[in-house]
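Generate coordinates for the entire structure from the input sequences, incorporating the hints supplied.
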Amino acid sequence: MERFGMHRVMRGVVRRSGRRRLAVLAALTLGMAGVAACGDGGGTEVTSREPDPQVAPPADTSNRAASTTRVYFAWNENVGTAGRSGVTANPTAAIEALLAGPDEFETDIGMTSEIPVDTELLGVTTSGGTAVVDLSGEFQSGGGSLSMQLRVAQVVFTATQFDDVDQVTIHLDGAAVDGIGGEGVPGTEVDRGDFTNVTPAVLVESPTPGAEVASPLTVSGISNTFEATVNYSIADGDGLIVDEGFTTATAGNGTWGDFEFTSTFENAKPGLGAVIAFQEDAESGGQRDVYEVPVRFGAAPPSSAGSAPGETSTPTTAGAAPTTAAPVSAVFSG
Numbered sequence: 002m003e004r005f006g007m008h009r010v011m012r013g014v015v016r017r018s019g020r021r022r023l024a025v026l027a028a029l030t031l032g033m034a035g036v037a038a039c040g041d042g043g044g045t046e047v048t049s050r051e052p053d054p055q056v057a058p059p060a061d062t063s064n065r066a067a068s069t070t071r072v073y074f075a076w077n078e079n080v081g082t083a084g085r086s087g088v089t090a091n092p093t094a095a096i097e098a099l100l101a102g103p104d105e106f107e108t109d110i111g112m113t114s115e116i117p118v119d120t121e122l123l124g125v126t127t128s129g130g131t132a133v134v135d136l137s138g139e140f141q142s143g144g145g146s147l148s149m150q151l152r153v154a155q156v157v158f159t160a161t162q163f164d165d166v167d168q169v170t171i172h173l174d175g176a177a178v179d180g181i182g183g184e185g186v187p188g189t190e191v192d193r194g195d196f197t198n199v200t201p202a203v204l205v206e207s208p209t210p211g212a213e214v215a216s217p218l219t220v221s222g223i224s225n226t227f228e229a230t231v232n233y234s235i236a237d238g239d240g241l242i243v244d245e246g247f248t249t250a251t252a253g254n255g256t257w258g259d260f261e262f263t264s265t266f267e268n269a270k271p272g273l274g275a276v277i278a279f280q281e282d283a284e285s286g287g288q289r290d291v292y293e294v295p296v297r298f299g300a301a302p303p304s305s306a307g308s309a310p311g312e313t314s315t316p317t318t319a320g321a322a323p324t325t326a327a328p329v330s331a332v333f334s335g
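Following the working numbering, the numbering of the sequence shown begins with 2 at its first residue and continues without gaps.
Treat the hints as calculated values from the structure; they're not laboratory data.
Derived Cβ-Cβ restraints for the label pairs, each shown as a range:
#1 Thr-219 / Asp-174: 40 to 46 Å
#2 Pro-187 / Gly-129: 17 to 23 Å
#3 Phe-227 / Gly-194: 17 to 23 Å
#4 Asp-179 / Ala-283: 39 to 45 Å
#5 Asp-165 / Glu-121: 22 to 28 Å
#6 Phe-163 / Gly-185: 23 to 29 Å
#7 Gly-129 / Thr-89: 20 to 26 Å
#8 Glu-190 / Gly-286: 37 to 43 Å
#9 Gly-286 / Thr-197: 22 to 28 Å
By construction, the Cβ of each residue, glycine as well, lies at the ideal position given by its N, Cα and C atoms.
Take a look at the structure:
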């Protein structure tokens with residue numbers, strides 16, 4: 002099986018022209034926050050996991066550190082990336098964090114988990130690139146086809162972030178299964194490539210929602226875009242575009258690839274801003290497959306006049322005078 006992407010969430014609209022204020026559609030953001038547990042209407046209703054106060058990160062995300070361990074939740078009927086600081090970087094710890102569900106900040110921006118709340122992790126073993134994840138039988142209870150695909154994808158994406166895991170086999174109550182749930186979603190030797198129908202065309206994996214960021218900022222993820230091009234904009238705590246440009250992924254045009262770029266910027270205002278990645282529509286020139294990650298900018302350090310900017314792997318657009326549109330932080334903070 003093909004393996005792609007180890008590195009990978011709010012959709013908005015970016016106006017194009019120099020350094021300016023980002024206009025985000027508040028109604029769209031609120032709509033995402035209200036997304037219910039996914040399903041196709043069939044089967045028993047599934048209860049999405051609520052935040053676990055004993056294991057979830059603090060609700061005050063202003064002190065959220067940059068995370069190296071990721072978990073994947075359901076976001077707008079696709080997988081979306083979240084970060085966990087203080088979680089050991091191994092499949093067992095990551096799956097345990099996944100089962101704990103989204104924290105308060107993630108819930109507020111619309112993330113849910115399609116994994117039933119009473120699912121337990123019975124064990125994880127890794128051998129020859131395959132992680133066998135043993136879950137309690139509650140894992141396959143409730144939900145329709147989309148819900149089943151998403152819950153399996155959550156486990157697969159979370160486990161395959163690690164270099165020694167290429168694919169995942171799910172066991173239930175210690176036994177191998179032919180398929181997950183009444184829909185028979187495959188759960189044996191599956192990888193990320195088996196879930197492209199619930200993978201956004203541009204998926205930012207780092208930074209993750211709520212992370213504290215500063216310049217230089219490295220952004221990475223996976224994508225499947227026209228000519229492998231991924232465009233980006235960085236909006237600071239005042240909603241101002243402080244950097245924008247594009248990068249080229251390792252593959253595109255129907256094939257998934259990895260992308261990574263480093264953004265450098267000056268005078269970013271503190272507060273809640275966003276990393277926005279997208280592709281341009283070849284016909285209209287507009288934006289499509291927009292993926293936004295709300296991030297926090299801290300107080301900027303003093304800058305040296307005339308100093309050379311840091312290196313960046315992608316072209317950027319010089320700034321223009323800011324305008325007075327509503328800031329991104331007003332939308333994200335509700």
